[in-house]
Every structure is written in structure tokens, then in C-alpha cells.
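Trainee: Sequence lines, in order, name chains A and B.
First residue of the first sequence: 1, per the numbering used here; consecutive thereafter.
First residue of the second sequence: 141, per the numbering used here; consecutive thereafter.
Be aware that a few hints might be false.
[Said to hold, decoys possible] Cβ pair distances, simulated, as ranges:
| # | chain 1 | residue 1 | chain 2 | residue 2 | range |
| --- | --- | --- | --- | --- | --- |
| 1 | A | LYS55 | B | ALA316 | 27 to 33 Å |
| 2 | A | LYS55 | B | SER298 | 17 to 23 Å |
| 3 | B | LEU165 | A | ASP77 | 29 to 35 Å |
| 4 | A | PHE28 | B | GLU221 | 58 to 64 Å |
| 5 | B | ASN211 | A | ASP77 | 45 to 51 Å |
| 6 | A | ASP70 | B | LEU217 | 30 to 36 Å |
| 7 | B | GLU243 | A | ARG72 | 47 to 53 Å |
| 8 | B | ILE154 | A | VAL80 | 50 to 56 Å |
| 9 | B | ASP242 | A | ASP76 | 23 to 29 Å |
These are computed hints drawn from the structure, not numbers from a lab.
Predicted model only: the values in this text are computed from it and were never measured.
Each residue gets a CB set at the ideal place from its N, CA and C atoms; glycine is no exception.
Take a look at the letters that make up each chain.
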Amino acid sequence: MKFEKKQANTKQEIPTASMPDIIFMLLFFFMVTTTLRDTTLLVKFVLPKAEAIEKIDKKRFVSYIFVGQDERIQIDDAIVDLPKIEKIMAERRIKIPQLIVSLRVDRDQKMGIITDIQQKLRNADALRVNYSAKPKEKQL
Amino acid sequence: MALMKKRKRETPEIPSASMADIAFLLLIFFMVTTTIDVDTGIGLVLPPPVDPNSPPPPPIKQRNVLRILVNSAGQVLVNDEESSIPMIREIVKKHTTNNGADERFAESSDKALLSVKVDRQTSYDIFMKVYDEINMGYLELRKSYARQTFGSPYEKLSDAQKKATDEKFKKKISFAEPEQSGK
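Just chain A, same shape as in the assembly (with noise of 0.2 Å):
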């Protein structure tokens, strides 16, 4: 009899069968949303803040260009001299027409080398350019 009463109950757990789906929802929201940084960084910079900015969100039509504190200039995965710039660019414009080039430039950099890039992207009809900056921190 004693034994027959504790084979009755068996099933006293939480049913952990749908617990894998679960997670493997979430892991899949979370994959599917994060973007993992496709480049590694040469150049060493830290961005300007900025009040007046906005979001890009059509990604897949930007292209970086980096400028670094030693000057350097880093597209993708390569750092590259200025002349390079406006073949490079020329060559995207084809590709991507609504190319967007997001200049993410070190603040302590000067004008000129910044002028000079724009020069070039005049030059590879990459007009729509975007400052990269980040958000100030409201002021208390």
C-alpha cells in the first residue's frame, strides 16, 4: 500500500520541457537585434558631444571613415591615405546610391584634415555626410 501511494504522485515539479524554448527565444531576440562591431579599430578617437542629433537607421547604407588622434584614416579594415579616399568612396556611390558616410572623427582633430575628406567625397559625389557625435548628458 505504501509503496503503491508514492508512485501515485509523481508528477510534483514545475515542467521544465518548455523552459529550453523559452530561452532559446530570448537568445534568438537577442541575436537577431544586436549587431556585432564587422570591423576592428585602428585609430585610437573619442567623439564630439552633440545636442541637435540624430539616429541613423538605415545601417546597411553607411560607411565609416574613422580619423584617428594620430591622424590616421581608417576605412573598414585598413588604414588608408587621403587621395585614396575619393576612389574608394566613387566606387561605393555605384554600389550604394543613398550612401551615407558617417565621419566619426576624433574631437581634438583639426578642420583641415576634415575639409580635406569632404574635398574628396565632393569630388566621389558621396554628399550626404553625417557627423558622428554622441549625446550630451542633460545638464542638472
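Starting from the structure of chain A, add chain B where the hints point.
Mentor: Okay, now just chain B, sitting in the frame of chain A:
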């Protein structure tokens, strides 16, 4: 004997108890390694390259152009008067909404132009501050216009209304080629 055989058939199944742990581990790995970094910045559309053979642009009345000059030390000259970076926002707003009242500023908002000139030695940070102030000036104008005309905040306007607002206070900024400062 028959009973024992039946029991043996039940056992071979993959243990799924640790499945949740594996999934958790992956989940935590992704949560830790990935960064949701939203790209933020200030947009600008560059002018197309100038064709040297093209006819010169039509002359613009001096009063319609607000000339902003920034030197390498971050000092600002607006229409040949000394100014400072935080003041630019108000000056831009005054210039654009002047409607011919003050003869130093523009005749109307659609004729208002800005001309920004920076030195080659000016730091990017200072330039961004100036450019941010100009953009904030326009943004504030658009916001108040949206509230007055459509009775709703700028962020909640429909696409057509937003376009009309942006068109009303269109950013017309010309960036002069920076000059090499005499040291």
C-alpha cells in the same frame, strides 16, 4: 522477462534537462558581448563639386547672409561683431525669423542664409559645437512652428507636416573653404 524488456525500451532518450542551461549560457554570452550602439550624429549634405566653367551664382543680398567666422581659438565673429558659441543659437533664430524687421538680418525665412567659415586650425570639437548650435537653433524654430501651426509637437507630426515644417525653416548653410591661418 517481458516486463524487463519493456522498461529497457523507455530509457533511451536525450536528457533535455541541461538544454535550458546550455541555452542560458548562450543567451548570457550574447547579452554580454554585444553592444547595442545606435549611431548618432548630425547630418549634412555636401554641395556638389564646383564646375569651373559654370556661370557664377546670382548675387545674394548681404543682409540675407549671416556670416559666422570661427578662428582656431574658438572665438566667434558674427557679421563682423564679436560673439560667442552659446550665442549663435539665438542669433540664428533671430536672423531666420527676422522678416525684415531688423536691417542687419534676413528679409524672410526662405531667403535667410548662413555662411560658416572655420579656420583649418580650428579643432573639430569647436566646429561641432558651432554646428550643433546652428542645428539647435533650427530645431527650436521648427518645434515652435509645429506647435503653432499644427498644434502638436514636432516629433508627432505626420510626414507631410514635417516636410512642410522643414521646408519653412530650411537649413541653408554654406561652408566656406577653410583658410590656412597665418601663424
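Trainee: If a hint holds in the structure, say so; if it doesn't, say that too.
Mentor: Results for each hint:
no. : hint                             : verdict
1   : LYS55(A) / ALA316(B): 27 to 33 Å : holds, 29 Å
2   : LYS55(A) / SER298(B): 17 to 23 Å : holds, 19 Å
3   : LEU165(B) / ASP77(A): 29 to 35 Å : holds, 30 Å
4   : PHE28(A) / GLU221(B): 58 to 64 Å : holds, 60 Å
5   : ASN211(B) / ASP77(A): 45 to 51 Å : violated, 37 Å
6   : ASP70(A) / LEU217(B): 30 to 36 Å : holds, 32 Å
7   : GLU243(B) / ARG72(A): 47 to 53 Å : holds, 49 Å
8   : ILE154(B) / VAL80(A): 50 to 56 Å : holds, 52 Å
9   : ASP242(B) / ASP76(A): 23 to 29 Å : violated, 50 Å
Against the hints set out earlier in the document, violations occur for numbers 5, 9.
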